Every structure is written in structure tokens, then in C-alpha cells.
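With the hints as constraints, model all of the structure from the sequences given.
Taken in order, these protein sequences are the chains called A and B. With the first letter of the first sequence counted as 1, position 25 gets the number 25 in the working numbering; the numbers rise by one all the way through. If you count the second sequence from 1, you need to add 114 to reach the working numbering.
Simulated from the structure, these hints should not be mistaken for laboratory data. Nothing here was measured: the structure is a model prediction, and the numbers come from that model. One or more of the hints may lead you astray.
[To be verified] Selected chain A positions facing chain B (Cβ under 10 Å, derived; list incomplete):
id : residue
1  : R31
2  : Q41
3  : E56
4  : L60
5  : F65
Note that the Cβ used here is the ideal one computed from N, Cα and C, for glycine as well.
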Amino acid sequence: DTGVSQDPRHKITKRGQNVTFRCDPISEHNRLYWYRQTLGQGPEFLTYFQNEAQLEKSRLLSDRFSAERPKGSFSTLEIQRTEQGDSAMYLCALRGSSGANVLTFGAGSRLTVL
Amino acid sequence: AQRVTQPEKLLSVFKGAPVELKCNYSYSGSPELFWYVQYSRQRLQLLLRHISRESIKGFTADLNKGETSFHLKKPFAQEEDSAMYYCAYGGSQGNLIFGKGTKLSVKP
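Here it is as C-alpha cells:
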């Protein structure tokens with residue numbers, strides 16, 4: 001079963017605050033991806049992990065964004081010193097075990113920066 | 115620039131009418147293409163992939179390398195087909211590169 005849980009579902013914060021989102025795969029999956037989706041746009045790739053190794057960081061939007069996957073299971077995405085432009089849906093996705101480029105997405109964490 | 119283009123933001127049809135959601139890509143090599151769908155208040159989910167060559171919920175999509183297109187088609191639209199549809203290209207890192215999406219509205 002390829003399922004993924006994201007928490008929190010919605011976060012409202014004031015500009016300048018730090019926020020952290022968590023992604024929990026229901027079962028073990030090697031590859032975990034983070035995406036951002038803003039209004040009227042498709043999901044935008046940010047970063048991904050192969051087990052605990054972060055193999056792509058250059059797509060992270062700024063140095064305020066960071067992600068971790070310390071034990072190769074759950075992952076966190078942190079945004080420091082949030083700005084209003086960070087308001088978006090942050091999606092976590094898992095790659096299936098078949099090896100194909102099929103991603104299963106979580107429900108997402110919506111961030112609103114006031 | 116490498117990208118996936120969905121030219122229509124919104125497509126509105128009546129129930130029972132044919133529907134075609136357009137997707138063009140601008141990548142070289144052997145493409146791996148997908149359609150994802152997002153129904154209201156649900157998460158993004160896979161609809162179909164070009165290598166499967168299957169029909170899902172009556173939808174089909176044919177890869178046309180000459181026209182670099184992967185249009186999604188259904189001969190008779192149903193109200194429950196109303197959703198956001200995203201065309202996506204499989205990247206080299208196992209990621210997906212998405213178009214901006216087309217909102218399909220099927221009217222009764």
C-alpha cells in the first residue's frame with residue numbers, strides 16, 4: 001500500500017515565523033518527494049530523498065527552505081522566516097515500488113502567511 | 115526551456131459530449147508521460163500513464179512524438195469527471211514535471 005500522511009493539514013502563521021511540515025509514509029518507501037503548489041499552478045518539484053540521503057536540493061526555493069529525512073522514513077520540510085509569498089500547498093509524494101515514475105501524493109499541508 | 119504546456123485553464127462541456135484536454139511537452143529523448151487528476155477536496159491521483167496504454171474511467175491518451183503531444187480524451191463526458199487535470203512528464207530523478215492544469219467542468 002502506497003499511502004502517505006501529512007501534518008498539519010493547515011497552518012496559519014505570521015510573517016517571519018518558522019514553520020515545519022511533516023510527511024509520514026504508511027509503509028516503507030525509498031524515494032520521498034516534496035512539491036509546492038500555488039494557486040492556479042501545477043505542483044512544483046522542490047527536493048527528494050533516496051532513503052535518508054537528500055539527492056536534490058537546488059530546486060528548493062531559497063536558503064530559508066530545508067528538508068530532512070533522518071531515518072529514511074518520515075520527512076520534514078522547514079521554512080524559516082516565512083514570507084507572504086510562501087503561502088501555498090506543500091505536497092509530499094512517494095515513489096511506488098514498481099520502479100516506474102509513478103508518484104502517490106499526500107493530501108498536503110496548506111500554509112497561509114499573514 | 116523544458117516544460118509541459120496545458121493551453122486551456124478551463125474547459126466546459128455538457129454531459130455526454132466528447133472532451134479533449136490538450137497537453138504538449140518540450141523535452142527531448144524518450145518521454146514518460148502521465149495524467150493526474152484532482153477531484154474536489156481530494157488528493158492528486160494518477161489517472162493514466164502513456165506506457166500502460168490503458169483506458170481509465172473511459173479516458174485514453176495517446177503519445178504523439180511528432181507533435182510532442184499527449185492529449186487526454188473521453189468520448190462521452192460525465193458530471194463526475196469534473197475535476198482538475200494535470201499533465202506531467204517523468205523527470206530523470208523520478209520526479210514529475212507538471213503543467214499548470216486544466217479545470218474540466220461537465221454541465222448536466
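Violations among the numbered hints:
Violated hints (numbers, rising): 4 and 5; every other hint is consistent with the structure.
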